[in-house]
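Asks: Here are the chains, one letter per residue:
Number of protein chains: 2
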Amino acid sequence: MKILDRHEIDAALDKDTVIKAVREAFVSHSQGHIQSPSPLHMTFRDEAGLRTGDCHVKSAHSNHHKVIAIKVAIGMYKNAEKGVPVNNGLVLLLSRETGEPVALLQDEGLLTTYRTAAAGAIASGLASTKADDVLGIVGTGNQAFHQAEWTTHYLGLKKVMVFGRSTAKAADLTSKLSAHGLSAVRADSVAQLCANCRIVITTTPASDPIIMASDLPDGPRTNIHFVAVGADTHGKQELDAEILARAATVVADDLKQCLDHGDLAAANALGLIDPDQIVSLGSALAKGLSITEGVSVADLTGLGAQDLAIATLVT
Amino acid sequence: MKILDRHEIDAALDKDTVIKAVREAFVSHSQGHIQSPSPLHMTFRDEAGLRTGDCHVKSAHSNHHKVIAIKVAIGMYKNAEKGVPVNNGLVLLLSRETGEPVALLQDEGLLTTYRTAAAGAIASGLASTKADDVLGIVGTGNQAFHQAEWTTHYLGLKKVMVFGRSTAKAADLTSKLSAHGLSAVRADSVAQLCANCRIVITTTPASDPIIMASDLPDGPRTNIHFVAVGADTHGKQELDAEILARAATVVADDLKQCLDHGDLAAANALGLIDPDQIVSLGSALAKGLSITEGVSVADLTGLGAQDLAIATLVT
Chain A
3 MKILDRHEID AALDKDTVIK AVREAFVSHS QGHIQSPSPL HMTFRDEAGL RTGDCHVKSA
63 HSNHHKVIAI KVAIGMYKNA EKGVPVNNGL VLLLSRETGE PVALLQDEGL LTTYRTAAAG
123 AIASGLASTK ADDVLGIVGT GNQAFHQAEW TTHYLGLKKV MVFGRSTAKA ADLTSKLSAH
183 GLSAVRADSV AQLCANCRIV ITTTPASDPI IMASDLPDGP RTNIHFVAVG ADTHGKQELD
243 AEILARAATV VADDLKQCLD HGDLAAANAL GLIDPDQIVS LGSALAKGLS ITEGVSVADL
303 TGLGAQDLAI ATLVT
Chain B
3 MKILDRHEID AALDKDTVIK AVREAFVSHS QGHIQSPSPL HMTFRDEAGL RTGDCHVKSA
63 HSNHHKVIAI KVAIGMYKNA EKGVPVNNGL VLLLSRETGE PVALLQDEGL LTTYRTAAAG
123 AIASGLASTK ADDVLGIVGT GNQAFHQAEW TTHYLGLKKV MVFGRSTAKA ADLTSKLSAH
183 GLSAVRADSV AQLCANCRIV ITTTPASDPI IMASDLPDGP RTNIHFVAVG ADTHGKQELD
243 AEILARAATV VADDLKQCLD HGDLAAANAL GLIDPDQIVS LGSALAKGLS ITEGVSVADL
303 TGLGAQDLAI ATLVT
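Top to bottom, those sequences are chains A and B.
Heads up: take any position in the first sequence, counting from 1, add 2, and you land on the numbering used here.
Heads up: take any position in the second sequence, counting from 1, add 2, and you land on the numbering used here.
Calculated directly from the structure, the hints in this document are not laboratory data.
As the structure is a computational prediction, the values presented were derived from the model and not from experiment.
Be aware that a few hints might be false.
A pair holds if it fits inside one copy or across any two, identical chains being indistinguishable in the list.
[Stated by the list, open to error] Here are the simulated SDA-like pairs of lysine to any residue, each with C-alpha atoms no more than 20 Å apart in a straight line:
id, residue 1, residue 2
1, Lys80, Thr100
2, Lys68, Pro87
3, Lys238, Pro207
4, Lys238, Asp174
5, Lys80, Asp7
6, Lys4, Glu110
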């Protein structure tokens, strides 16, 4: 059994290879070639019953992959007080032929970060862009940084605008992105961000919408493509349901998951979208969909197919 | 992260310590102290849609344990043709405090074998026995051997009688048990086994009952205690539902699991048992239940609490 740590895993991956593999994974998923059964969920509580952490175990396999991927992701909220990262994780790979353990990838969540950044870049690429278009990022965390880096790399963009509720954190992120050779500025408001950006990627754990329909520029010639990455579980929502209602094109990485706990859930509950009109990301990619104008939304909830694809690259 | 293989794990365990820990685990489970959420299940099929293997991931944790146990068990049915064991598995332990990986136990299923053997011994111990009582074993596989070894050790018995549908395999098992210092003989029929044994442990993957009510000796003075270990998933059944109906005492490791997919499921579906009269193994142990006469049954389906208890011993 091969055992690799975070640094060894990082050294084995480059953006272009990961993006290509994740792109193929979305297509395979939409064609029903990847099996990913219901995850296992654990919730941790203290003696008083307060939630102190959670863990989920996801898996994916297919007849076309040599390995079965089992991903463990765990978050213990009080770690920050102890100077330990809140999130941790690893991926276990078993042989699809014999079931024998093949590798343990002690990635501490790095593979999830990368496969999610790759997905954001790929979903951003559904919108047509020019080289001087601005990429908007909402949120200032780890995923915000990677979304900016991977998406500008993939689409050949140079300009990034960041909005965060914390001005200090947003300024930190623009500095970090500038140090990586990007032209990064901070937006004072969500409306300012929407007025300037062709693509807006949301990367927050918000439970109430952070972008409202009223933040969008008026007029029928508004061309803005939203990629919602943050809502990965029940109770999270980043986009006002009215934005979904206004969107000419809505794309979902997995329709069932997005209607269950993605940004589509609230809009669907209000009857503002027609599930039959939603396009799966994999089929959009297979067909070469290119969105040239209007308001559009891609909702990403994360797929086992992505985990399987990126883990396969490491082994 | 500590990584231990099967031999290192085996060396770290002895029967008495395992039995004590598993006993405490049943009591904790019955008191609601152990959390074990719904498992993750994978089914593998070939291109023709035929089932070629399966995998399940189970977990358990509590506020009283330093580790979270995540157990992966996988079976690939065609391995035998390749000279590779059909079943494989490992246990991953994460810190209950920080979520960091603590240990990987590459036990290849050994911990499950031992915690199941310990459970059979403990459930057998609910029946009062004398030193010259005979332990009956139905089945001739790996678990049959361990049930005989662990239960005779725990209860201080010397005599074992084995029934298997394959005479050759039953003879092999009696030879193996004799080599371990036991007085082991083969039964020609289930009825002969039932006529001679105080305790009968069933360890088969039978999908149709292997012990019928008509195999029991007649008369009200029949004293026989059944421990059903084999039925661990839907569609398996070892004991005729009429035996459950006749039992004065019925014990379950977990009532919900046993009614769902244990030997109790069929009897309950037929209305032959009253779920309110079923005693949980943990509370039976806590109260010191001792069954001195009549027909009794203990149904074991396997608990996450057992996995957590035995894995904790190794780290």
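Asks: With reference to the structure, classify each hint as holding or not holding.
Replies: Checked hints:
no., hint, verdict
1, Lys80 <-> Thr100, "between (40 Å within a copy, 8 Å between copies)"
2, Lys68 <-> Pro87, "between (32 Å within a copy, 18 Å between copies)"
3, Lys238 <-> Pro207, "within (6 Å within a copy, 44 Å between copies)"
4, Lys238 <-> Asp174, "neither (25 Å within a copy, 60 Å between copies)"
5, Lys80 <-> Asp7, "neither (24 Å within a copy, 32 Å between copies)"
6, Lys4 <-> Glu110, "both (16 Å within a copy, 16 Å between copies)"
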